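Listed below are the residues making up each chain.
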Amino acid sequence: MEETCKILFQPENEYIVVKKGENLLKAAMAADVHINASCGGAGSCGKCRVVIETGEVERDPSPKLTEADIAQGYALACRATIQTDLTVGIPIESQIGDKRIFARKEPVPVAGHILSAEEWQERLPKWDLSPSTQKVHLTLDSPSLDDNTSDAERVKRGLSVNAGMRDVVVDFPVLQRLPNMLRQSGWDVTVTVLDSGEELRAVRIEQGDTTARQSAIAIDVGTTTISAELLDLKTGTVTAKASDYNAQVAFGEDVITRIIYATKGTGLAKLQSVVVGTIWNLIKNLVETADIEYCNVTHIVVAGNTTMMHLLLGLNPKYIREEPYIPSGTFFPWVKASDLGLRIAAGVYLYALPCVSSYVGGDITAGILGSGIFNTDKLTLYIDIGTNGEMVLGNKDWLLSCSCSAGPAFEGGGVKHGMRATRGAIEQVRINKGNFEPMILTVENKRPIGVCGSGLIDCLSEMFLSGVINEKGKINLDLPTNRVRATEGASEYVLVGAEDSATRRDIVITEVDIDNLMRAKAAVYAGIQILVHSMDLEMEFIEELLIAGAFGRYLDIEKAVTIGLLPDIGFDKIKFVGNGSLLGAHLSCLSKELLVKAQEIARQMTYLELSANPGFMDHYISALFFPHTNLEDFPSVAAKLAEVRAMQSAMRAQDAGNGVIA
Amino acid sequence: MSFSLPTESAKGRVREIELGIGDKKVKVGGENVLPFHLWEGEMPNRPIIAAEVYDEVIDEWPAALTQALEGVINDPVAWAKKAQDEWGVDAIALMLRSTDPKATDASADSAAETVAKVEAAVSIPVIVYGTEDLEKDAEVLKTVATKAEGKNLLMGPAKEDNHKTIGAAAIGYKQSVAAMTPIDVNLAKQLNILLTNLGMEADKLIIDPTTGALGYGLEYTYSVMERLKIAGLFQDDSMTQMPLMGNVGFQAWKTKEAKSSAEDYPEWGDPVKRGIIWETLTGVALMMAGADILILRHPESMRLVKKLIEALSA
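Which chain is which? The protein sequence lines are A and B, in order. The first sequence begins at 94 in my numbering and counts up by one. The second sequence begins at 51 in my numbering and counts up by one.
Everything labelled a hint here was simulated from the structure, so no lab data went into it. Note that the structure is a prediction, hence the values are computed from the model and not measured. Where hints are given, some of them may not hold.
Said to hold, decoys possible - The calculated lysine-lysine pairs, modelled on DSS-like cross-linking and capped at a C-alpha distance of 25 Å, are:
1. B:K214 with A:K567
2. B:K214 with A:K565
3. B:K132 with B:K323
4. B:K357 with B:K323
5. A:K733 with B:K214
6. A:K157 with A:K539
Excised from the complex, chain B in its bound form:
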């Protein structure tokens, strides 16, 4: 008698969500299995990788990053094109760092202009992220949504206290929304309910569960993401069936381990490899927890994660 692997089939399915429109369209989600449990069901779309592109880099980034981004770091359009053409990413995650009221405080109009330029320059979908300033994000994303009417950008982060403005703009100007909550299954579900009650289609929503980097709360993030997936798949909970997005680059490159120089910690080894590995491991862990979209910063991390996705899909 041959042994057959026991399988568990889910009654629910992650919503299949489209980013972008027309030729740029990319689908995410749609799986009815836990990540890469391909023997139990299907995963019509592999997790996608979005390259982080900043409209302004004002923080001090380690050499590992500045070297890899040389020539494009101050030019979001070029950066996005390079990510698309050379690194082969599936989407661009444009971070509107310039709008931070605690720093440059660029206007919503100027940010919207950058978004339009980047969007026009690439043939892949664009994710637009603010700075987590509730009021400014609402203002900026509203303008962005208006100017990019019908482009189906994935805009975020929408939080409980500004979801109304961002949601209304997304509904009015046909964009999608990434809803962000602080590492909690229930809060994530609640925000999805609030957004759908507002009139947002559930198929236009992505969950940003807030992610921690390796060594900085990764376990917690992992279990919350896994629980969201399980609720969506096995309890068929329609308000947790949105694809999950992991904002990896931002979190991973904040860590001391990723950004410290060789002079400061010679015993930690090559700082370039160290940072890349830190980001890659965080990304892979989140992917195994159920992330459908991974936002990464270093091109080498993108390559490594992609390679792993291919290996897991083989």
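In isolation and in its complexed conformation, chain A is listed as follows:
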């Protein structure tokens, strides 16, 4: 079991139990204890000084901490690693003159969790390790005048007798190699047979017995990121993982600009070769990491949105973009990897998981497969929040999907200081409800460069709760803090001053940023409402809400509910899937039954076109409000808001009593 430490923060008198080795500032954030922190945890601002009253921490050296400080027990919370149980005193300067203490009635809820591999297995029906490709070792009788059947027929007979595979089709390249291969090997060969669901096809022939070495690759082709796994088909285990940016990003950040590029000149061929290039690099990485031969790989399963699948397969995506939004196909045949320009080894076939429509792709099919929604009685809502927000509502009996254009705001696009969740991105934000000072943490505790999706959601939620912005997302310039200011363009809130940022410029959240984020969250929530209302259901009937996408993992559920991105149906109902697309591709790689299941899912899923839905605009406008125009639909937020407002007016009363002029 992991060692845990109990941390007591004073004077707040807040406890939290964390893993040994956790960063102290992170622990404070989790405990909802405010310590001023401006540099994201880089140790450069020196504002998060705390006193270690009892217990031990490991201090990273910092110029802001002298030997004398250490002797007195001081530490910088952001550069301190928890070693034992602790009592931590927060000195007044780290509270920025805010001496007021307010006891919270409830402990901070731990919102959502990522399901473990075992938990996923429980969600799926029983399945066997039975991949679409199978290696069959054959020792054939050599031909004679009495037994003069052809080489191909002899192999087919062998497959039928030894493996019960009847009517196997011999792929042309295999046939070409057959006469020499059989004789050189002394009639001792391994044949790889692909079961495409429609036919059995001998796709590769090798000398001797190679059945012990068989792998497959599962790939999630995302618009932004491509992730891949190498799977050992004998054990069903993952032997290597890799991911990289989709090199197509250079040709446009979203699917629409890529489609436009693809429809011009040789654009499509260019985009196909670029994505194949990224995939090839990932495969090289996987093969080298796992130290196997390329020829061990017998098949590939990919999942991705409809546009990504078109671009990978070299299909014209033009009509996806134009009304009435028609893709070339939603089901794709097994194709030779080499036909796509992926020269991995002879006879490797690739399968792209089927899509539902132009804007609900194979990544969603895969996610529904992987998360086991097709196998549960529970009414489940599955959301994949990316540039497009796709969502699926249903259970084992029915599935209804839709897609809304959320825009790139949650990925940092269209936001002044937005960025991806890379080093130096602010990923967690708390804002003090009394003095409006922020507390921030960055990826890898580096000086802040910008704000990533989860940081933006944190930020909006905290700005709203603290009253920095109103329900419409407008900044309250009357607040007694110089963190808010009007500029020529839009009003803004200064999250990090120039002196603490890596860019030497203020990092701000502007009203324009807030507007863009508001629109994104409203589109997602309106989509959810349309799904739920189309089935004549109510939000509260949802028994489980699963969040997929890379974004999902870092998302603070409570904050996402506070801004009205997710419905307020109870934090315990909300769980993270992680990369649902990769999970589905992985499972489809290992089991042809599950691959068939994925096909059934795609076939059975109903698609709702939001642009044709008269109610969408109405739901959307009502969602353009924090948390929502109908506050009664967000009871937990209403309660929290009432609590914070009461606390703030108590503070103001206290100030007035002390003769402080607000």
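Add chain B to chain A, keeping to what the hints say.
Below, chain B alone, put in the same frame as chain A:
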């Protein structure tokens, strides 16, 4: 067996709101039924009619109007008194056209003075409307509110981008506010939430949902107003339960059909009747959609709408 008309009773009720103070007080709203569904509940106050009075008429008005307003068109006090005494309206809607920064750009002080004069001259409540210039309206209405402290004027239009100033002035100097949003149920509700969050009492608010005239988006206006009423009555949504106001005269007399002369369109018939009918039909339609306050411009339109209200109430 006798047939009884099926009825639907609402769980909510439109807020009953007072305009003006003391003897001048007039109540609006308070119904728990859709307009004139008197067999299903009650409508304690009939829709009221407010006469549009301009502090300055600079736009070219058709003869139908200039004839009816002869002698008072340049004198808001006389105009208001005539509306009260001769036309029998329930309230005055004083339009501070002179403050438009794109035209005369009169000062907030001078506008506030006009408001004070008109308010003093009549014994019915006064609605004060700016020119929909966000900044100027905020400035003017703040001054108006200050000078008329405690008079409970209905001031507007407060919009999302100037609601803070207007709302704060109304709270501070005890006035009511008409909150205006662009023909959308949700936006109307949102602005009410923002104003109440500011500290405004919900019982001091009127919704101006922005109205279109007959032939110019009336259907859209109609359904938005109807939906606001339904949300307030049947979903008991407290933030849509404010009475609705229709700014009819302003919209109706902008239309080509109301203002074109007989020379331009001889086939359209008598221009005087035409304009009046255009305004009356717009007003009646909005009333049937749920308007609790109708601002009208032509005295004949006022008479016709009033007659209809009486007929519907009989």
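Now for the hints, and whether the structure bears them out:
no.: 1; hint: B:K214 with A:K567; in the structure: 11 Å, holds
no.: 2; hint: B:K214 with A:K565; in the structure: 13 Å, holds
no.: 3; hint: B:K132 with B:K323; in the structure: 21 Å, holds
no.: 4; hint: B:K357 with B:K323; in the structure: 17 Å, holds
no.: 5; hint: A:K733 with B:K214; in the structure: 24 Å, holds
no.: 6; hint: A:K157 with A:K539; in the structure: 15 Å, holds
The structure fails none of the hints (numbered hints given earlier).
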